[in-house]
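Chains A and B, in that order, are what the protein sequence lines are.
Just add 790 to wherever you are in the first sequence, counting from 1, and you've got the working numbering.
Just add 3 to wherever you are in the second sequence, counting from 1, and you've got the working numbering.
It is possible that part of the hints are untrue.
[As the list claims (entries may be wrong)] Taking lysine-lysine pairs in the DSBU-like style, the calculated list, with each CA pair at most 30 Å apart, reads:
| # | chain 1 | residue 1 | chain 2 | residue 2 |
| --- | --- | --- | --- | --- |
| 1 | B | K72 | A | K834 |
| 2 | B | K55 | A | K812 |
| 3 | A | K831 | B | K6 |
| 4 | A | K826 | A | K861 |
| 5 | B | K111 | A | K831 |
| 6 | B | K72 | A | K830 |
| 7 | A | K861 | A | K812 |
| 8 | A | K857 | A | K809 |
| 9 | A | K830 | B | K6 |
| 10 | A | K831 | A | K809 |
[Unchecked claim] To list a few chain B residues with every Cβ distance to chain A over 10 Å, as calculated:
| # | residue |
| --- | --- |
| 11 | G46 |
| 12 | T59 |
| 13 | T82 |
Keep in mind the hints are simulated off the structure, nothing from the lab.
Backbone N, C-alpha and C fix where the C-beta goes; we use that ideal spot for every residue, glycine too.
This is what each chain is made of:
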Amino acid sequence: DTAVSQTPKYLVTQMGNDKSIKCEQNLGHDTMYWYKQDSKKFLKIMFSYNNKELIINETVPNRFSPKSPDKAHLNLHINSLELGDSAVYFCASSPSSGGVAEQFFGPGTRLTVL
Amino acid sequence: DAKTTQPPSMDCAEGRAANLPCNHSTISGNEYVYWYRQIHSQGPQYIIHGLKNNETNEMASLIITEDRKSSTLILPHATLRDTAVYYCIVRVSNNDMRFGAGTRLTVKP
Chain A
791 DTAVSQTPKY
801 LVTQMGNDKS
811 IKCEQNLGHD
821 TMYWYKQDSK
831 KFLKIMFSYN
841 NKELIINETV
851 PNRFSPKSPD
861 KAHLNLHINS
871 LELGDSAVYF
881 CASSPSSGGV
891 AEQFFGPGTR
901 LTVL
Chain B
4 DAKTTQPPSM
14 DCAEGRAANL
24 PCNHSTISGN
34 EYVYWYRQIH
44 SQGPQYIIHG
54 LKNNETNEMA
64 SLIITEDRKS
74 STLILPHATL
84 RDTAVYYCIV
94 RVSNNDMRFG
104 AGTRLTVKP
């Protein structure tokens, strides 16, 4: 069983479009995250989210917004896509926010903006 | 937040122990040392974490020096599938994991 899944695996789109990436975890975790890994392979956290609190990395443009329909899902919406948004996006989850338990990562979504 | 320093790359012979060092000289008393790895094109995978004591699990051992300024991740019998980028992260909690450049470990036959 896949613990953290993401769809789609690949996403190719035109500049200016709006797109979403879906993430689901079946681990019963309370906290979910979105990370961006750019072409230089640096992995940076974008958001952490649980039922009560959204923590946003201050460097993330407001074109990016996480949306959580329920505890098992955290989708990433991106408006007005730009060339610099091309990257691999990883979703992750952990049992709690602010604890020391490990994070479980999804397989990633490779976004290419043309 | 404590910063970490890792060698950019290392090689290891298959079947031998891989010892990956990490320096974190500015670590504070309540910061944990985490290790993750990322195999090519996959999501990062948790390996182990510790605070003061050495830790061991089915994947690896973590040796933390007494002054906590450095640590070593040990893969006791490296296989080709252990080829990956290994990240050492020092954080108070799991809420804000910050991944550096890591060490690219290549296990050779």
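Each hint tested on the structure:
| no. | hint | verdict |
| --- | --- | --- |
| 1 | B/K72 with A/K834 | 24 Å, holds |
| 2 | B/K55 with A/K812 | 38 Å, violated |
| 3 | A/K831 with B/K6 | 18 Å, holds |
| 4 | A/K826 with A/K861 | 21 Å, holds |
| 5 | B/K111 with A/K831 | 23 Å, holds |
| 6 | B/K72 with A/K830 | 28 Å, holds |
| 7 | A/K861 with A/K812 | 13 Å, holds |
| 8 | A/K857 with A/K809 | 13 Å, holds |
| 9 | A/K830 with B/K6 | 19 Å, holds |
| 10 | A/K831 with A/K809 | 22 Å, holds |
| 11 | G46 | 3 Å, violated |
| 12 | T59 | 15 Å, holds |
| 13 | T82 | 21 Å, holds |
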